[in-house]
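Asker: We have chain A already, so just place chain B on it with the hints.
Number of protein chains: 2
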Amino acid sequence: VRKFLLIANKAATAPFKLNDLAGSAGRMDIVCRCVSSSLFLSHGIRKDTEFHVVLLGPPNPPKHISFYGSSVRRMGPDERNIASFISKTLSGKKFPGVELRDEGVLETIEAIEYDEGFLLEMGGKDLREIEFLPNRDYLFVLGDHLGIPEEILKYLKTNEFGEISVGPLKYFSSHCIVMVHNEMDRRFCS
Amino acid sequence: VRKFLLIANKAATAPFKLNDLAGSAGRMDIVCRCVSSSLFLSHGIRKDTEFHVVLLGPPNPPKHISFYGSSVRRMGPDERNIASFISKTLSGKKFPGVELRDEGVLETIEAIEYDEGFLLEMGGKDLREIEFLPNRDYLFVLGDHLGIPEEILKYLKTNEFGEISVGPLKYFSSHCIVMVHNEMDRRFCS
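Quick mapping for you: the protein sequence lines, in order, are chains A and B. Under the working numbering, the first residue of the first sequence carries the number 40, and numbering increases by one thereafter. Under the working numbering, the first residue of the second sequence carries the number 40, and numbering increases by one thereafter.
What the hints contain is simulated information worked out from the structure, not anything from laboratory work. Please note: incorrect hints may appear among the correct ones.
No distinction is drawn between identical chains; accordingly, a pair holds when it is met within one copy or between any pair of copies.
Unchecked claim - Derived lysine-lysine pairs resembling DSS-like cross-links, with alpha carbons at most 30 Å apart:
#	residue 1	residue 2
1	Lys56	Lys164
2	Lys56	Lys132
3	Lys56	Lys193
4	Lys56	Lys196
5	Lys127	Lys196
6	Lys133	Lys56
7	Lys164	Lys133
8	Lys49	Lys86
9	Lys193	Lys127
10	Lys193	Lys133
11	Lys164	Lys127
12	Lys209	Lys86
13	Lys164	Lys209
14	Lys164	Lys86
15	Lys196	Lys132
16	Lys164	Lys49
17	Lys196	Lys133
18	Lys164	Lys132
19	Lys132	Lys193
20	Lys132	Lys209
21	Lys164	Lys196
So here's chain A without its partners, still in its complex pose (with noise of 0.2 Å):
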């Protein structure tokens, strides 16, 4: 399984306006297209992959939102349907293959169930020449446009986070996303 967590530094952890989600939603669009990006294919949904999203701005942070592809209904890949999952569920509102939970970034991690885990990261191992095992259960980490918190970053590299970079440019997490799927899809679903 694959599984992905987004660190959304000021993203609303209350329910949103969905006609702002770039702004007083703090930057909500982002982690839409970081769900979008995780769990749909064209006319499919990636069943073997997770993704997380640990939202911190106001006005209740932490708020950990988990999506399972195997089990998500009716969500459609476009930001505002995602977002309107997004804060449904903060509003308390249940959907099949979302959960919420009140877990900050490190609680999140733990609660993971992981074999190796990643940080996505300019300067890292090339993605391409990473070792990746049929069967096994890996955990991406990305940033947002803020990048990941210095405390956060200290605990995965202590922790033995391998670095992987997907190219030589700056590029947004949700494509970074694509980048990791493909290249393990080349590996794995020939």
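Answerer: Below, chain B alone, put in the same frame as chain A:
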């Protein structure tokens, strides 16, 4: 220069509601994600990239809208912001780096200047094995969720557009763009 052309089979050709991009606007969300993948990097715009879309939905098809990375201003990477540029452009408003023309797909392809053309298609040659040369203009043609109309496919094939595949699964057009950019970045932006 890297040039992308998306064929948006059902996308609206008159101003549309920003709250229903995936519905009444004819999957305009797909168009917006492709603009975003084509032009945006984290904290920057790809000045060497053009994105073209031909909108073929009601009520006034066809409409060809071009976005030039070298000159677009104040555009955000989120779907709603890009959609508002498209909708206002369709209403006749002008923006730097955005142009509207009454051109169909074939006219658009003939109007774009490029040295070599490619077609993103399952089963094509692996992107990673394509030879790209520096300082050439490449055009990449993509379909939306409905694919590329048969007569356009025929035209592309008789006009020596090479078929490129980005991986073993069927990916979103916007994700194909991410992977094409990444491959070219790896070759030319070290």
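Asker: What hints, given by number in increasing order, does this structure fail?
Answerer: Per hint list: 1, 3, 4, 5, 7, 9, 10, 11, 15, 17, 18, 19 and 20 violated.
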